[in-house]
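Trainee: Residues per chain are reported as follows:
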Amino acid sequence: MGQLMKWRLFFFVCCLLFYTTIGTPEAGEKFTIAQVHYGGGGDWYGDATTIKNWLHHLRVRTDIETAEDRVILKLTEHILYQYPMLYLVGHGNIRLTESEVEILRDYLMNGGFLFANDDYGLDESFRREMRRVFPNKELQPIPNTHLIYRCFYELEGLPKIHEHDGEPAQGFGLFHDGRMIVYYVYSADIGDGLEDADVHPEDTPQVRELAAKMAVNIAVYVLTH
Amino acid sequence: MRFTYFWPGWAIVLGIGIAIGITVFVYFRVARPMRPRYRVLLVALRISAASILLACLLAPVVIEKKDITPPTHLSILVDTSRSMELVDEPTAEIPESRLHQVNQRLFDVQSKFLQTLQDRFEVHLYPFNTGLDESVPLAQGLDSEVFQFEPEGALTDISGAIQEAAATWRGQQTAGIVLITDGGHNSGQFPLSTITGLDMPVYAIGVGAVEPPKDVQIQHVDYAPIAYTGHESVIRVRVTQTGYTGKTTRLSLREANGSTLIDAETLTFASDSQTSTQVIDLKLTPQTEGNFQYTATLPTLDGELTGANNQKTFSVKVVKAKLSVFYFEGRPRWDYTFLKRVLERDPDIEATCAISSQGRSRELSGDALLNRLDGYYPQKMPASETPRFPETLAELSKYDVLILGDLGDAHLTEAQQLAIVDFVEVQGKPIIFLPSRNTLGVDGLRTTELAHLLPIDIPANGCRIHDREFTVQLTASGAFHPMLQIRDKQRTQQDGSDVSVGGNATIWENIPVSLSRFFSGFRLRGGATALMENGEGIPILVLQRSGLGKSLLIGTEGLWHWDFGVKTFKDDRYGTIYPRFWAQVIRWMATNTDDKKLYLATDATTYAIGDVAKVTAYLYSETYQQQTDATVQIEVVPPEGAPFQLRIRSAIANTNDSASQRSGTSDIGNLYTAEFELRQKGTYRIRAVGRSGNLTLGEDQIDIYAHPQLAELAAPQLNDTLLKELAEQTGGAYFTIAEAESLPENIANVQNPVFVDAERELWAHPLILLAVVGLLGTEWFLRKRIGLV
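So the protein lines, in turn, are chains X and P.
In this text, residue positions in the first sequence follow our numbering: the first is 1, and each later residue adds one.
In this text, residue positions in the second sequence follow our numbering: the first is 1001, and each later residue adds one.
Rather than coming from a laboratory, the hints here were simulated on the basis of the structure.
Treat the hints with care, since some could be wrong.
Taking lysine-lysine pairs in the DSS-like style, the calculated list, with each CA pair at most 25 Å apart, reads [what the hints assert, rightly or not]:
1) K1340/P x K1398/P
2) K1614/P x K1681/P
3) K30/X x K1340/P
4) K1614/P x K1112/P
5) K1398/P x K1317/P
6) K1380/P x K137/X
A few chain P residues that don't get close to chain X, going by computed Cβ distances all over 10 Å [claimed, not checked]:
7) F1003
8) A1044
9) L1053
10) L1301
11) T1337
12) S1357
13) D1443
14) H1452
15) D1467
Taking beta-carbon pairs under 10 Å as the criterion, some of the chain X residues facing chain P (in silico) [said to hold, decoys possible]:
16) W44
17) Y45
18) T62
19) D63
20) E65
21) D69
22) L80
23) Y81
24) H146
25) L155
26) V220
Remember, predicted model here, so these are calculated numbers, not experimental data.
Cβ atoms here follow ideal geometry from the backbone N, Cα and C, with glycine treated the same way.
The task is simple: from the sequences and hints, build the whole structure.
Mentor: This is the structure we're talking about:
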């Protein structure tokens, strides 16, 4: 057997071993966050590096076993229930179809969690759609003493990352059976704070660190409640 | 005509020639003068007579067409199931049951129905219910006794009866099958395609009213098989009504063998629909431990079809107090999230959940709250109330069940580890391991004091992780294990009627979600029993006895998939399979923490009369090893009559058989199975004793309940849709019982005449004799006249 053939065989065996021991990454139990691809014209695809960095922070700072990057999906996709945590972001309009409204309601009431980040300009349409999803529930302000600001890092409240209209950063929650099912941050922009440094170069390391800590807290809170 | 005795042609010619020759010779030698014409006439007469006799010697026969057409059979099948005793019009002047109508209108002596059919066909009359009975004798004439059909069957198997009747007369000329029934098929599937394949027309006569009769019934009772003393359990009763719109009645819950009222609810049936279903919750708060039967009852209302389906009895095992569970997790993960929710929502469990980061190698930053909490993740505010793992055995002893998540070797101090060992081995408490990469890895529990509580040996380089999808399969032990019985024997289908469902193992294999992580490379400890595997033979659920306690390992991550998004497999009480699985695991692990070595289980707690109860006995040694020299006796005490012993199936050690292979019939070393048919209504007590020689190893007893078979009352109205479709598909026709008189003329005459060639011998025919005598007599008369005689 020639030297080249031996190397090829070795490479093949290595590949085989890798496949059988590691498996397909999608099939595993590593924590990841699914970014919602919604309709209505808003930039659902924004914050392209946010979840990747979010997962990186979780991997480095906590014991959570995470995947490398986000999953993008529509609410109507059958794999939705493989991801108990959703991330929704954007600047513009969001419009859910009737079936998406029902799917999201079922998803959240059956154990799912939605973190929505207003990138600026999402507020009106997001609140409107949430009223469609839960006509009898109201987004409630989350006080700074809530565990979501304490469950890993002790924060004084929701960090303010970007100025937007100069309003204070505000966190709101929707609850079902005592469990927070939606956490919505307005005028804070945690998502932008998690982006790669060159996306928003005006953000100082201190601000970005605050965003990272809040992001860790959100994930830890969801995973422990 | 032909001759059957063969002579060669020359011999026949020779014979005729000799006869002619002799005759001519004799008559022409007569000396007496006679007219020539007389001479010729005499010769002709003699030759004719001789020729006839000669022809008779050749055995002449004539060929005739003979009609041998066989009779055409017609089978009449009469439904004698219990639903045929229903009275569709109870307020009529003379209320008639369905079967009474059949007897009177179709089989009475005065009825032309049967007589007309008998005139045309060879009629066979069969009663049927769960199967086809022997044919009954037909009345012969007006004076003979007429057979009267009586309702007796607990189920109706129309398709089976048709197939059996068709098989009885297969190959013979058959006009078809007359089916007299209310169409209430309730014995398995109705394979219409199989019946149409018989190529036999079915003429259906529908008996009964198409409109659902007025009735109230308890369709289903949903309850937890284990209740706790002093703790309220919810008994969920599903009630349906037809024809009692807006009516108010009272649902009560009582002990089955007593009159003590436990709870009652008044309910008013919906006023917006003719038929409606309501779910009523009753409360049960048992005060003493033991096995109890309870009955939910509705009173029989005026004009109701039957009161037999107005009550249901069920069995509950009452154990003391609420279970206290401590769940300690080693890292945040979805398994923790979902299990914590399940534990906290279970009203029978008092859960304490803690999650710690002590095992992580990385340093936490200074402002991490976990630093002040010694690595524990806060569960609620204030954070100072964050639960922590008990430091001493005394603190740990407050709990009934301990669940350890994905812990590494640094999560617990040595003192805590030793406390856990005593908790299990000395105090006899159960421990459940829910491990993943930490516990089963190189730095896992392999080198800790907890290692020997694990039912597996972790290799020095840790277990291998496999992230790929799989569905679980029960092993031989798992298929009958009480922890894994996820369905009762009787469940309710969409139309509300109770149906039997497939085996437990099949239900597990068909769970519509896959798991995606399992581990390999470990070895089962001696005495450990695998209850579930991943389809490749890798154990997923492993049980072993550890000292006086028990330890269970769940060798997969991601069980939460059984909860989140599962829409096609729903459990009435727990919502999804996931909380039910955990409820049963925790209760079984906690309930049997005594030193019991023999456990009895049945495949259900409530049966219908006629059902077969499958009994399983597990006999364990101190360390869950199989008892090789042991015998188990199982005795059944019926509601009435003498106790009887069950025949135990042989125990064969084979722990690797999959459940599907064994189909619940063979056994493993510590598993004994038997079954018996329940024939009486009431409580059956089942007792088991395990012995080794004269030494009693263990005893156990359980109660099960048999109620009347109510399948016949689930949909009591005439199912004319089924009968019409059956008739149409098979080329037959459908008639109501009022139209049945016209049925005989509608049955096509399929008779094909059959003729065969038949030979009739002629030699003995009287005409032959007459001809010979005539010829010879004439000859004699002429001779007399001529004077030759």
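Trainee: Now tell me, hint by hint, if it's right for this structure.
Mentor: Hint check:
no. : hint              : verdict
1   : K1340/P x K1398/P : holds, 19 Å
2   : K1614/P x K1681/P : holds, 17 Å
3   : K30/X x K1340/P   : holds, 19 Å
4   : K1614/P x K1112/P : violated, 50 Å
5   : K1398/P x K1317/P : holds, 23 Å
6   : K1380/P x K137/X  : holds, 23 Å
7   : F1003             : holds, 89 Å
8   : A1044             : holds, 109 Å
9   : L1053             : holds, 101 Å
10  : L1301             : holds, 38 Å
11  : T1337             : violated, 5 Å
12  : S1357             : violated, 6 Å
13  : D1443             : holds, 13 Å
14  : H1452             : holds, 26 Å
15  : D1467             : violated, 3 Å
16  : W44               : violated, 22 Å
17  : Y45               : violated, 25 Å
18  : T62               : holds, 7 Å
19  : D63               : holds, 4 Å
20  : E65               : holds, 7 Å
21  : D69               : violated, 16 Å
22  : L80               : holds, 7 Å
23  : Y81               : holds, 3 Å
24  : H146              : holds, 7 Å
25  : L155              : holds, 8 Å
26  : V220              : holds, 6 Å
Consistency with the previously given hints fails for numbers 4, 11, 12, 15, 16, 17, 21, ordered from lowest to highest.
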